[in-house]
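Enquirer: Using the hints provided, position chain W relative to the given structure of chain H.
Taken in order, these protein sequences are the chains called H and W. Just so you know, the first sequence maps onto residues 1 to 351 in the UniProt record's numbering. Just so you know, the second sequence maps onto residues 1 to 351 in the UniProt record's numbering.
Calculated from the structure, these hints are not laboratory results. Be careful, since some hints might not be right.
The list treats identical chains as interchangeable, and a pair is accepted whether it falls inside one copy or across any two copies.
[Claimed, not checked] Calculated lysine to aspartate or glutamate pairs in the DMTMM-like style (CA-CA distance at most 20 angstroms, straight line):
#1 Lys15 - Glu99
#2 Lys15 - Asp260
#3 Lys15 - Glu98
#4 Lys15 - Asp102
#5 Lys15 - Asp3
#6 Lys15 - Glu27
#7 Lys15 - Glu35
#8 Lys15 - Asp340
#9 Lys15 - Asp278
There are 2 protein chains.
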Amino acid sequence: MRDTHITSAHGAGGKATATLIDAVFLEALRNPLLEPLEDAAVFTAGAERLALTTDSFVVTPLFFPGGSIGDLAVNGTVNDLAVAGARPLHLACAVILEEGMDVGELRRIVGDLAGAAARAGVSVVTGDTKVVQRGRADGCYITTTGVGLVDPDLRLGASMARPGDAVLVTGPIGDHGITVLLARGDLDISADIRSDTAPLTGLAARLLTATGPHSDHGRHDGHSEHGGLRAMRDATRGGVATILNEVARASGVGVVVDEDAVPVRTEVRGACELLGLDPLYVACEGRMVAVVAPEAVDAALAALRADPLGAGAAVIGRVVDEPPGTVLLNTTFGGTRIVDLLVGDPLPRIC
Amino acid sequence: MRDTHITSAHGAGGKATATLIDAVFLEALRNPLLEPLEDAAVFTAGAERLALTTDSFVVTPLFFPGGSIGDLAVNGTVNDLAVAGARPLHLACAVILEEGMDVGELRRIVGDLAGAAARAGVSVVTGDTKVVQRGRADGCYITTTGVGLVDPDLRLGASMARPGDAVLVTGPIGDHGITVLLARGDLDISADIRSDTAPLTGLAARLLTATGPHSDHGRHDGHSEHGGLRAMRDATRGGVATILNEVARASGVGVVVDEDAVPVRTEVRGACELLGLDPLYVACEGRMVAVVAPEAVDAALAALRADPLGAGAAVIGRVVDEPPGTVLLNTTFGGTRIVDLLVGDPLPRIC
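Bound conformation, chain H alone (with noise of 0.2 angstroms):
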């Protein structure tokens, strides 16, 4: 790690965070349940199998259409519990809040909290209040923390992907981003859209049930590493083109990705035109990428559709040999580039 201070780049999901995840953090407290870097990581715990998993949100504005900091910080952890095919149980909530804060905001943003939670079937059963002094903050950050039993037969990674299998999204990219970022009213741009904040418990389960295994090998179940689904990932910061490159790392696979099969909203598509941003790296909070083995595909998408949340699946690529670690796009105008980490940082505090 060649930077000497912190930027906002190393906060964005691209690059600049891999390097600092991997130099400071990896460095020191390398073990091997951290080191896959999931979403969750996953453990034993006496006789059951469990996912944990850990989010600050420091999103601004705290209140956007479609949703607010307190929508997000329940969804965004419960989403990384589902898409590592984790039951959520229950949440830890932490909230650092800024000195002048609105306590009626406050209590907008707890309800919204709340809200989620009873949407997502989980509860908060223990948190933490801290203050610090104006200026020190944004109103409010919150961490939230999930807890999350694990089915003790299945394998989904990042890793597990093979050529062959099919890269799948659940509906249109790049809402909960393109929102937010008009939300702050800098830019002269009104659209109509909102947050697509969700939870994605309900689709992963459906996923999982559609895509189960395939030979019957003595299980009961109904998962297995022999099924159909290989990986999940909930699309936030760094977008789908973020998750498709740690699906080609972790694999040593290529993704080859078909820019017209990709869902963008008009509206998302024209705001991201006008702001030279690519959909691809546009953060979502109710999406997911899932990467499924070619027999399960009909299998997977009718089960996504059947759910209002994937009602937009649509398989938008597929795994291939060569090249290794390598995302690549056909794009609309028939030609070939490489989508990269990302660099930089073109939406700071999306989430």
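Expert: The following block gives chain W in isolation, referenced to the frame of chain H:
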């Protein structure tokens, strides 16, 4: 809650914090696991009983004699598990960084975090990194969440105290709070003290073993609800006074403390006198308060004193019938006064 805006008192761990938590957080998020407001929530996950706890650390300065925010973020969370009677398993760690933070400083903090985790026998298995603009944080804030395993038969808590029980502390109080306050350099006082930040896992385990069940009723696990240990609490923000008030209220009992019996280092007592602080309200980060049945006091003291972290253990008071919900102090000068919950915030951002 009458306040319309957040003040530093809401983060002090005293009366205003309790009101904020009740009126805003508990009100919206109420559930039977959250309601006891213990340091850790204890719940069933499949075949296991787990403890979950979370804390944000916003201490300033980031480094102080005896430790740093890195040590604190591990020990604080590990201790919340330990006093719940849990065996800490793993930690999640979410970091909010201020743009411009020195990477070398961050490395030192993460190094301290790794060292503290190793000493406490836990690993950081998942994490998150966010960056906010310069001036929107203070170097870094760290939120750690811990998960631990709890003996299925163990029943501990602030509501378990009974008249006749003894109240113990495991060593001199107030070292951490005074050390951090002096490290800020705003005061023209210097003293040869250092933070007591330390993991209490070992000490808690010793105490549990030493105060195990007194009657043989077929249990083989070493503890039970009939054991001599009623409650353990680490005396952080709000100090020993806050813990004793929580015990008095939760159990509907009185607590009487003998001022002369409370261990306070000469340097801490001196600084408290100069600053007009009562050591009973000053945070420790490596001390616990234990409530112990009378017949288990000798065994508890012996077990604590056999550990270097408990060498200064002492009985400081006792649980009484009347007046319920109240903590009384027999002062050095022969008087008696009520020790109430902290009002205001004499020591902001101490952890």
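Enquirer: If a hint holds in the structure, say so; if it doesn't, say that too.
Expert: Against the structure, the hints:
no.	hint	result
1	Lys15 - Glu99	between (34 angstroms within a copy, 16 angstroms between copies)
2	Lys15 - Asp260	neither (26 angstroms within a copy, 59 angstroms between copies)
3	Lys15 - Glu98	between (31 angstroms within a copy, 18 angstroms between copies)
4	Lys15 - Asp102	between (36 angstroms within a copy, 19 angstroms between copies)
5	Lys15 - Asp3	within (12 angstroms within a copy, 44 angstroms between copies)
6	Lys15 - Glu27	within (17 angstroms within a copy, 42 angstroms between copies)
7	Lys15 - Glu35	within (17 angstroms within a copy, 42 angstroms between copies)
8	Lys15 - Asp340	within (9 angstroms within a copy, 52 angstroms between copies)
9	Lys15 - Asp278	within (16 angstroms within a copy, 50 angstroms between copies)
Hint 2 alone, counting from the list given before, is not met by this structure.
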